[in-house]
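Residue numbers (this note's numbering), protein chains in the order written: chain C, 1 to 362; chain S, 1001 to 1168.
FYI, nobody ran anything at the bench for these hints, they're computed from the structure. Each residue gets a CB set at the ideal place from its N, CA and C atoms; glycine is no exception. Treat the hints with care, since some could be wrong.
Here are some of the chain S residues that sit facing chain C, going by a computed Cβ distance under 8 Å [said to hold, decoys possible]:
| id | residue |
| --- | --- |
| 1 | LEU1034 |
| 2 | GLY1062 |
| 3 | VAL1065 |
Okay, derived cross-link-like pairs now, DSS-like style, lysine-lysine, Cα gap no bigger than 30 Å in a straight line [as the list claims (entries may be wrong)]:
| id | chain 1 | residue 1 | chain 2 | residue 2 |
| --- | --- | --- | --- | --- |
| 4 | C | LYS99 | C | LYS89 |
| 5 | S | LYS1164 | C | LYS339 |
| 6 | C | LYS159 | S | LYS1081 |
| 7 | C | LYS89 | C | LYS57 |
| 8 | S | LYS1025 | C | LYS95 |
| 9 | S | LYS1163 | C | LYS99 |
| 10 | C | LYS85 | C | LYS57 |
| 11 | C | LYS159 | S | LYS1025 |
| 12 | C | LYS159 | S | LYS1164 |
| 13 | C | LYS159 | S | LYS1163 |
| 14 | C | LYS322 | C | LYS159 |
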Amino acid sequence: MNFNIYDFTDFVNSINVWLNTVFPPAAADIAGFVIIGICFLTFITLLGLSLVYIERKVCAFFQQRLGPMRVGFWGTAQTIADIIKLIFKEPLVSKGSDKFLFNLAAFIVIIAPFMAIAAVPFAKGLHVLDFDIGLFFITAVSSIGVTGILLAGWSSNNKYSLIGAMRSGAQIVSYELSVILSLLTIIILTGSLQLSVIVESQRDGWWIFKGNIPAVIAFFIFIIASTAESNRGPFDMAEAESELTAGFHTEYSGIKFAYFFLAEYINLFIIAAVGATVFFGGWMPLHIGNFEFFNNIMDFIPPIIWFFGKIAAIIFLIMWFKWTFPRLRIDQLLTLEWKYLLPINLVNLLLMALVALSGWHL
Amino acid sequence: MSETVFYILSGFIIVFSVLTVTSRKILRAAVYLLFVLLGTCGFYFALEFNFLAAVQLTVYAGGIVVIIIFSIMLTSDLQDKLEAVQFRKIFFSLLAVLIGAAVCITTILNHSFPQVTDKVLDSSMRTIGLRLLSYNEGGFVLPFEVISILLLAAIVGSIIIAKKADSK
Chain C
1 MNFNIYDFTD FVNSINVWLN TVFPPAAADI AGFVIIGICF LTFITLLGLS
51 LVYIERKVCA FFQQRLGPMR VGFWGTAQTI ADIIKLIFKE PLVSKGSDKF
101 LFNLAAFIVI IAPFMAIAAV PFAKGLHVLD FDIGLFFITA VSSIGVTGIL
151 LAGWSSNNKY SLIGAMRSGA QIVSYELSVI LSLLTIIILT GSLQLSVIVE
201 SQRDGWWIFK GNIPAVIAFF IFIIASTAES NRGPFDMAEA ESELTAGFHT
251 EYSGIKFAYF FLAEYINLFI IAAVGATVFF GGWMPLHIGN FEFFNNIMDF
301 IPPIIWFFGK IAAIIFLIMW FKWTFPRLRI DQLLTLEWKY LLPINLVNLL
351 LMALVALSGW HL
Chain S
1001 MSETVFYILS GFIIVFSVLT VTSRKILRAA VYLLFVLLGT CGFYFALEFN
1051 FLAAVQLTVY AGGIVVIIIF SIMLTSDLQD KLEAVQFRKI FFSLLAVLIG
1101 AAVCITTILN HSFPQVTDKV LDSSMRTIGL RLLSYNEGGF VLPFEVISIL
1151 LLAAIVGSII IAKKADSK
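Turn these sequences into a full structure, and let the hints guide you.
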């Protein structure tokens, strides 16, 4: 087994070869699926635990508090204690609710990010689903999640849940448009939706630098729209706690509540991953054109560290938004999308087409 | 392997199709419909028509089913139940379904499907994009533009309908 931190292709291939020698072909495929599944489940669990901890700490520091400090060193074991509590809590079902849809909604909400995360390129060769519709696939499967939110609100038999679900449905459906259009702006330059090709096209510089002004505008729109699409503050009207208790997941408790919570954080990760891949080169180190000396130094840092570093930076930016800006009203939110972001986006798309045709990008 | 996947998906689609039409709670019927559409999407993935599969997901699962659920949420109550269907209606619709199924099955069984080996359809994203916007032979730019104008008209029309009347 030749493990290489810079290129996982051989490592993954050697695991595949080893599986094929141990099992018959069909069983080898299934064993491969199981291994990938276990890897992702472990990764998602760790991701959820650490992101909740990070969010609480970041929030605390913005508010000049210390945040969780008691459990473990600097409160690092706090989220583990939380998840143990959530597992042992009774999953309540409110009276008069539609039990089947109530339980199903939690699963639909979490299935969408589980499917999307499979298409994320983590490093060279460390990429589960790499087909030519990559980016389209991520946006397509993410759109299933809204069904779960609507069902959760409706089946809870609670007016706060219902209002929260309606708001969040309207919000997600409208902001999805801006997310896709802002990504399309960069797709004009890459000429492909395949994520590995998009990463490879940034070998001589990231698109945010190469793509001229429209790329920067597209990135700002992407960050705003995807924060709104994932129902995070300052766009979290869906669960505005001062008016709607907790929005669409008011009636959920125990492990089912944890599903909604986990789904929100995986969505945050996916947004950051897509943003990092399309605008900041994914796992590609920072390269400047043909400046070989600089490029070689940057190549020395493993791609996986680049990838998670970029994601951490974007997640921090989104958290910064959440704890800085006050919450918008629902009509302000929809006005922002339909009267400002969408027209800017469409003009920006044309501008990018002009830039690409005239060759003004690098 | 692909045969197993086919049978699993077919079973999934048949079960949920039957549930869609027999369920007496309208939102549950909508959710079963969502599962049927997801199963169809699974077929497209199994056939390696990835683009079509993703379109199926965005348009049906993410678009149409959400609109159906929205309209149900706005018009009906959680406790609402559709009334039980009369026996006569069940009998005649079942008859119609069986006749339709018989016609389809006999046609399929009598048709000899020639095996195509020489030409594999190129369904990559790039080919689809180029064909959609090409005006040469085999290009689809005219229907593409006609459909986009139709959609634009539909969007403008729906805004006019949804708009509040001027307060004059």
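Would the hint linking C/LYS159 and S/LYS1025 be met if the CA-CA limit is 30 Å? Holds, at roughly 19 Å.
Holds or violated: S/VAL1065 as interface residue toward chain C, Cβ cutoff 8 Å? Constraint on S/VAL1065 satisfied, holds at 6 Å.
Is C/LYS322 close enough to C/LYS159, meaning Cα to Cα at most 30 Å? Holds, because 26 Å separates the two Cα atoms, which is no more than 30 Å.
For S/LYS1163 and C/LYS99, compute the direct alpha-carbon distance and say whether it is at most 30 Å. Distance ~37 Å between S/LYS1163 and C/LYS99 Cα, so the pair is violated.
So, as I understand it, the hint says S/LEU1034 touches chain C; can you test that by seeing if any CB pair is closer than 8 Å? 6 Å, holds
Checking one constraint from the list: CA of S/LYS1164 to CA of C/LYS339, max 30 Å. Satisfied? OK: S/LYS1164 and C/LYS339 at ~17 Å, within 30 Å.
Can the restraint linking S/LYS1025 and C/LYS95 be considered satisfied, given a maximum Cα separation of 30 Å? Distance ~17 Å between S/LYS1025 and C/LYS95 Cα, so the pair holds.
Can you confirm whether the C-alpha distance between C/LYS89 and C/LYS57 stays at or below 30 Å? 25 Å, holds
Are C/LYS159 and S/LYS1081 close enough, with their CA atoms no more than 30 Å apart? 20 Å, holds
Hint check: is the beta carbon of S/GLY1062 less than 8 Å from a beta carbon of chain C? Result: holds, 3 Å to nearest chain C Cβ.
Check whether the Cα positions of C/LYS85 and C/LYS57 lie no farther apart than 30 Å. 20 Å, holds
Taken at face value, is the distance from the CA of S/LYS1163 to the CA of C/LYS159 at most 30 Å? Distance ~26 Å between C/LYS159 and S/LYS1163 Cα, so the pair holds.
Hint 9 from the earlier list is the only one contradicted by this structure; the remaining hints agree with it.
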